[in-house]
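Protein chains in written order, with the working numbering: chain F, 1 to 101; chain D, 102 to 807.
Hints in this document: simulated from the structure, not taken from any laboratory. From the three backbone atoms N, C-alpha and C, an ideal C-beta is built for every residue, glycine too. What you were told as hints is all true, and nothing was included just to trick you.
Distance ranges between label pairs, derived from CB positions: (1) LYS709/D - ILE92/F: 46 to 56 Å; (2) ALA776/D - GLN79/F: 29 to 39 Å; (3) ILE804/D - PRO45/F: 28 to 38 Å; (4) ILE804/D - ARG59/F: 36 to 46 Å; (5) ASN155/D - TYR91/F: 41 to 51 Å; (6) LYS376/D - TYR91/F: 32 to 42 Å; (7) LYS58/F - THR167/D: 52 to 62 Å; (8) TYR91/F - LYS500/D: 49 to 59 Å; (9) ARG59/F - VAL800/D: 29 to 39 Å.
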Amino acid sequence: MNLERLPNEEKLGLCRKYYLIGFAFLPFLWLVNVVWFFQEAFIKPAYSEQLQIKSYVKRSALGLLVWVTVLTTWITIFQRFRAEWGEVGDYISFTIPLGTP
Amino acid sequence: MCCISSFYVFVTWSQIFTKPPCAFILFAYFFKIFFYFSGVGCNSVEKKIYVHLNYTFPCVRLLNATHQIGCQSSLSGNVGVLHELESEENLDWVLTSGPNPPYMVILESRLFTRSIMMKLKEGSGRVAGVVVVAPNINPPEGFSPHTACPNDNSGVYTENYDPTLAHCNATVWNPLGNGLAYEEFDFPIFSVKDDNDTRVIRQCYQDHNRRVNGSNPQFPLCAMQLRSSMSAVTNTATCKRRNDINFSLTPDRVCDELGDFNIWASSRPMNTTTKGHKEFESVVIAAARMDSRSFFFDIAPGAESTASGIVTLLAAAHALRRATQEAPPNRTILYTFFQGETFDYIGSSRMVYDMENNQFPLDLDNIHSVLEVSQVGLHSDSKLWLHSDPVSRKNSSVKEEVEKLVNGLKSASAGLNVSVDEPDVSQPLPPSSFQRFLLARPIPGVVIGNYRSSFTNRYYESMYDNAEYLNVSYPENMTSEEQLEHFPETVKTLTEVATLVARALYVQAGGNETQLANITADPQIVNQMLYSFLVRANNSWLQQLVPTDFTNHLADRPTNFYVGVIQYFSEPTTLVQYMLANMTGSVVNVTQEDCQKQREDKDDDQSKHLYTYMWVQGAAPPNSTEREGFCVRSTVHRSIAVSPAFELHEYTTSNYSTWTESVWKPITGRIFLVASHDLEQLRPDFFFFFFFISVRLTVSLKILID
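All chains, please: the whole structure from these sequences, using the hints.
The following block contains the structure:
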């Protein structure tokens, strides 16, 4: 979808929709929001809806950052310590590697 | 690589020329034909690159409650540059100074020692694997990969029983044991026979990998890939848990428990359907073990450690057949062959457990005494030693019974070529199945062996414990028939031992001493059994004793005594079963149909509680080729030999054996030439370069057209 052909109100509506639905454990929607609307929010010359679009983009970026931190921490801990957790580690794994602990 | 990049160029160019579309289709067809040709060519190209190794024996991973032992390779196989080790000092090339690690080390059997293997284990980053060349003659200095104190933690000698006798404090039974089979290695170790394959390997090494005039060998070098990827890790509890997880995406079996069946027969029939204690039944157990192992998987010739005991006990059972039928003694003799004893007494611990839980036709109170036949093959001085347990002898009634048994053995040896003696009174029992019975009750018993205070067997539980070690050899140019008529020296000595055991058992069971002169073992039978176990099971004598559908299980090589996992039958178990049926049973005139239905005639439903009926194929009469089968009625039964730990699902217990064997991916080995890393890196570099050039060209052409 080419954003340049949309009127500003629709751009704002799209940005808000992506922001709100991203709360349903969908951080990739926030990533899309940030990447897609970055040019609209910060590079383009100012227009009436730009302030709200900017706030939505900033909040999406913040949410995205939180998700990335949480997931990275959990993934690092799991990959590092799963072998030591023995039974618990096996029960929360979908695929257990063969031949290595 | 080249065809993929050229395909890409074709596709990108054809995208530019989208009109006419037939040009693209034309290119696609040409490409497909080109690919098919190269696909057909790929098969024979593989044969030109790789030489597959055919007869390899890997070392596999085994696990118990606390450890994992054995070897492991990466999932697709470990690749390493070949290096023939000349001496222990030459290890320096492999571990530090060689320029092309990782190395695949080829060892002669004289270099397969603990010190070299431990050093290789430390340098694991540079060692990709080890290949041991199995020699055609046994190494004279002896070799035993088992531990110095076999079955240390599973016998009766623990700190509670007697701390001075635990952990081989009193005497070390296997002094040559280097414990290699119980170490863990993270690279594959294979054994190859010294034959054509090995010649190819050595030739490849000579041609490409040898240092010439002190300069390093140049690429391309000869490399080997060994694949023995084991799925199980850590210990039995972990691998059993991973077997049972059922919400995983890929439920794989990772390990299987070791086990098989014990074989037992009674000299007098008893009701086997009723389990638990039997009133008025007093039993003398005559025990022997049926299994062995070596460092490598599926090689376990076990001549002195296992076959000597089995053959002796079978021959004794045969010698006793007439006496126990015509002048039956007071007590019943129970001939028992235990499977899995190498791995912490799987068979005997299970039988004791079954007896304690009323799962066996007898129970522990029915046992009067135990006589076990341990390693009896070699005699340097024709002397046998009678081992007994000093701790239980402190009880006066047990002491009296043991002394009676020993005296029975001593008097039975009079007039025979073997003499018996007792070792030091404070010496403990050697590793034997009798220890598991002692763990449950203080039963009087004796273990017969040809060793006084440490094994005379120089190759205990190794691949060298074979027919050659027992001096059982048959001239090569004889046919199988003729070989069965020729008696090696060992046969005569084993026959004497079998006679001794038979007479002692008869006296111990309360038989009349006047009958003893009639009890003698038959050297012909001993010879045939030894031949079947140590040389070839597929021989004319054994073919007569087995049913028709079993004949293709008879191997043309020495018996493999490894107990194996419960899913696969172990070779010696069925051989012993049919031999014992023939030795102790009798031929009955019963039709084949009735025989296979375990009855004497249509209305008989009592015999199946007492006897086992087997229809065996017999021999062909002289003027015909059809074999005449017959029905053998015997008291031979199988009892399951799986560790009680797996019944009780206690995988971390130290009371029972917890040994399991890992499941593995296909085991292969192959040799090929490898190029230097720079050359290998050149191809993907070239591909990516080509790829980006064509993308750039496409983009710029597109811009031009637009």
